[in-house]
Amino acid sequence: MAPFFRRRHRVLPGFGLTLGFTVFYLSVIVLIPLSTLFIKTASLSWGEFWNVIGSARVLAAFKLSFLASLVAASINTVFGLLVAWVLVRYNFPFKRIIDGLVDLPFALPTAVAGIALTSLYSGNGWLGSFFESYGIKTAYSPLGIVIALTFIGLPFVVRTVQPILADLPAENEEAAACLGAGRLKTFWKVLLPELKPALWTGFALAFARALGEYGSVVFISGNMPMKTEITPLLIMTKLDQFDYAGATAIAVLMLVVSFLILLFINLINWRTHRILAPR
Amino acid sequence: MEVEQIMSIHIQDIEKRFGGFIALRGVDLEIKKGELLALLGPSGSGKTTLLRIIAGLEAPDAGVLSLDGEDAGVKKARERGIGFVFQHYALFRHKTVLQNVAFGLEVLPWRRRPGRNEIRRRALDILKLVQLDWTADRLPSQLSGGQRQRVALARALVLEPKYLLLDEPFGALDAKVRKELRRWLRRLHEQVGVTSIFVTHDQEEALELADRVVILNEGRIEQVGTPDEVYSHPANPFVTQFLGSVNLFHGRIRDGVAQVGTWEVDAPEHAGASGAVFAFVRPHEIELRRRFIGKAAVLAQVRQVRSFGSAVKLDLTREEGDGWLEVELSHEEFQNLRPQVGEWLLARPRRFRIFPQPSEAARWTA
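Quick note, the sequences are listed as chains A and B, same order.
Numbering-wise (this note's numbering), the first sequence opens with residue 1 and increments by one.
Numbering-wise (this note's numbering), the second sequence opens with residue 280 and increments by one.
If we strip away everything but chain B, and leave its shape as in the complex, we get (with noise of 0.2 Å):
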């Protein structure tokens, strides 16, 4: 009884085909109430589609979804209390910003519907909420990208809904804007609590936002966990790779031991597992210096050095194989050592990540 107090959406072996693109095969996913959630991958990973399944916009091929414990397949998108904000905001703009945000109370039943005074006052109260009641009488082709966003947002909100849904919804807007209106998400989400779940191919906004992450590709949920969990433990090389650069390097495990170029790396996590191994590194978990004593490492030539920001990034060629070595350091670091484009260095990761590769036989029956 408890646990079913606490789930929100229940999402379960959701199906959804477009003729013949598969956008999703087969997503379970719980959602908790008052999280603030993030539909995380690159596009075409079916995320959008999960959430227009959600909003009752899209209706799913196969699989169960029900929200407060009823099952929500046969509600219309109407009926299932859901606020939406779309990607373009989809503003009525022949209404002015008011008449926006008071369109949910204008086009209730009548029984429901608040007197005119009453649904201006609302109206008026969410404009308040998200800073903009001073637009009230504006058109919103006379707003900012970032104002018709908010705006968006009141207009979904004015009707008190239990889920809010967003899609992309800093997408169109330029990085500086984007920042704040987060950071403003993050504020207005702990302020109503609205069980929320926002869609973004940007992992940095993602993992800085959201409560947990799910991380999906190709249809299917790839990773769920709390930001923390997906980037420091990720579940898998596609998580690896899409959370953050990464460098590549290819080895062999046998009993757990993974065998990388000249290092032996232990994976007990793996210990059943044989063959070709991926390990990844991340940028800020390799050494750079001049020499090592007494440790293996491999020689790399600097390319290119970008020191603005608050880390120093350097761009090596590996000396065997073709390929790139991206390297982090700290600006004290990077004074110390002070390399020189051009210049031969020795790296040493400090971490891997080690995934056992999938065979060809094992990736052409998944």
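One chain only, chain A, in its complex shape (with noise of 0.2 Å):
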């Protein structure tokens, strides 16, 4: 029989066996449990489902997730990339406890970080307050959902660029300078490039995290049907009222939309990488 991969020789011996480990570990933690989503799907008719699928209530909730997901990622991609820059490229005193406050929003418990959100942005928090003198509803609106989500996606852009950012050699800045690139052009024609594909990274993490938040926005979302609710939210109401197939189809629903969107962005990135693979 001809082997399936060709053989040849590594310093590092092992392939097959860290191969199959990987597939056995994935499985085990990520694809069997998942695979039970579908299965609880499955005792649902299509045209179950699809009414499932089709409610006002579940559309509403999944274009609020996604939008709020979506404006909050990129908010934590472009202050990300400021917050990883001026980490790198400055000293300044106390900057290993700003770098640590970086990480706050993974460590803490979401749950703690929405009351103290929702209690800030509510309308007689401090900043609530300053808000509503404006005429800005922050807390139990949409705005309240992107701030929660900007909140627990910040790590996620400024850790994946810092490294890259750190590495990049200061001559092709200089190279650009001698060359007559301004400021502007030297960031936008050989920084950016080179950030890219983190920065997609971070995105994507970023994203991906936001639409899986569930602790941090139901207390600050005001959990209005059709105005402030989650996909989460709905899902955990489903639960509630024991409708375990109709919670299934929503998550299964996300889950592929999920799924489809990280590819595409992976796709991108394995794209510029091939570019770029050999220094």
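Please keep in mind that the hints were generated in silico from the structure rather than gathered at the bench.
Keep in mind the model is a prediction, meaning the values are calculated, not measured.
Beta carbons: idealized from backbone N, C-alpha and C, even for Gly.
No false leads were slipped in.
Have a look at the derived ranges for each label pair, beta carbon to beta carbon:
id	chain 1	residue 1	chain 2	residue 2	range
1	B	G299	A	K137	56 to 62 Å
2	A	P142	B	A451	53 to 59 Å
3	A	L104	B	A338	35 to 41 Å
4	A	F94	B	R400	49 to 55 Å
5	A	F94	B	N396	52 to 58 Å
6	A	I136	B	R400	50 to 56 Å
7	A	I136	B	F300	52 to 58 Å
8	B	K458	A	A170	29 to 35 Å
9	B	K455	A	L104	55 to 61 Å
10	B	F300	A	D167	23 to 29 Å
11	B	G360	A	K137	53 to 59 Å
12	B	N396	A	K63	42 to 48 Å
13	B	A338	A	V86	19 to 25 Å
Once the Cα atoms are required to be at most 30 Å apart in a straight line, the calculated DSBU-like pairs of lysine-lysine come out as:
id	chain 1	residue 1	chain 2	residue 2
14	B	K355	A	K189
15	B	K441	B	K311
16	A	K137	A	K238
17	B	K312	B	K441
18	B	K441	B	K458
19	A	K189	B	K441
20	A	K196	B	K374
21	B	K312	B	K355
22	A	K196	B	K355
23	B	K355	A	K185
24	B	K441	A	K185
25	B	K374	B	K458
26	B	K441	B	K354
27	A	K189	B	K374
28	A	K189	B	K407
29	A	K189	B	K354
30	B	K374	B	K355
31	A	K185	B	K354
32	B	K374	A	K185
33	A	K185	A	K196
34	B	K407	A	K185
Hints in hand, dock the two standalone chains.
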């Protein structure tokens, strides 16, 4: 039988073993739990499935979840790059502490974050009352959801861009400067293309995290059906009503859409990686 | 007036320190229009810092730099009309070769920027000049080191700079490619005629390629001159030792005559000096014999013979002292003498270069 993979000599052996373990591990941790979702959903007929998915409340929740996550991930991409830039390029007092602050949204229980944000942004909170005086409602509105999702997604872009930025040789920028490029042009034409893969990855991670976020959002959103109800909450509501099949149906759709989006981002990244791979 | 016309870059009393490290301690230099100049020195001598100051990538702490009679201190790197070639090429790896070369034209302010086709044509012209137009659509990662270096050169030349600065241009290449590129750069310089300065730590490269060589050491210029001048008439012990191998003897000088071992050497240029001297002898300036009649010589034992290349190199140990003696013989001389490893021979220098040793006190106040 012809071997499936061409055997090549490597300094570190063990491709078969590590690949086998990877498949096994991913199966146990990811694939098997997720497949039960599909099995449970299969108890619905196509008609019932479409009924669940197509209801106005579910569609509104989907729209809100994806839009808010998209906006939050975009905000994080821009300002995450800025934070990474400052942390890599400059030295200032308490730099280590600020660097550590970036990771806090990871460590904090999301409910704590949600409650803290809500008390801050509600009508009588510090920031909320300020915005309210201009007629902008922050907590209990889609804007509040975006704020919460931005908070929990902050570390992703910073931590993916930071090492790449630190490794960029200064010579690239100096070469651009010698060739007459100003700061803006150097940034757009020389730096940004180098950072693009990391930015995409960070964006994808922040987006995925925001889509699945539940704990912090339920506090700040107000959870009004059709208005400020996100998809994960809708799933919880269905579960509370013992509508397991309906809950999994929504979950499956969310899973498929998220997977497609992440796959798309990764495809973009693989393409640029192929160009940049050999340094 | 005429002098100003010829002088293209004027450097006066430039100083630069990085924290506690002093990179340049008061450097004066004048660079003529159209010449190919080498900045030569060991690592840490300040040669790259000087190049980067000329380019505007580094700001001097003190001193004046003028380009074509204009004070360059206020000009940014991009306003100086300089083409810079980096040691590790610094090509934009996400851009094709053509896009790399065209970059300087692409970022011109829109009023001075040529049209798309014009940019493409000019970039291709420069690529043809470096004989790489066939790589236009490749990425830098698909080229060899020598080709990347030529692309970097093309990129620096596309704006027709007044000065071309090269930082260790051949440092990362293997010996054969380096030699080819060296000859090629010399031809290109004759063709384009742009004032060019390159940094190197390889004395052979500097002497072979440059019109004039500037030798730097510990942030100071030790000597400036044509390759022939600096090699044949080194100004001091550092230059002598840096430009090729050399044998060192110690002696004393009085009234313009140096006493080195049993030899007496006339050194009228140091007539005023007295005390200890260094006496340097290049390997090819030593005669080896089995006997010298009526002439003083030192006894030395042959340790190693290397007979490849244009000359035969012998390592010997001196009888007195613990010094090595490096001798170069032509193949003909070698055939006549046929020295054996372990054999004792007599060595006699044909020529000494005498330099008074700075006294301990003088060295500390300098």
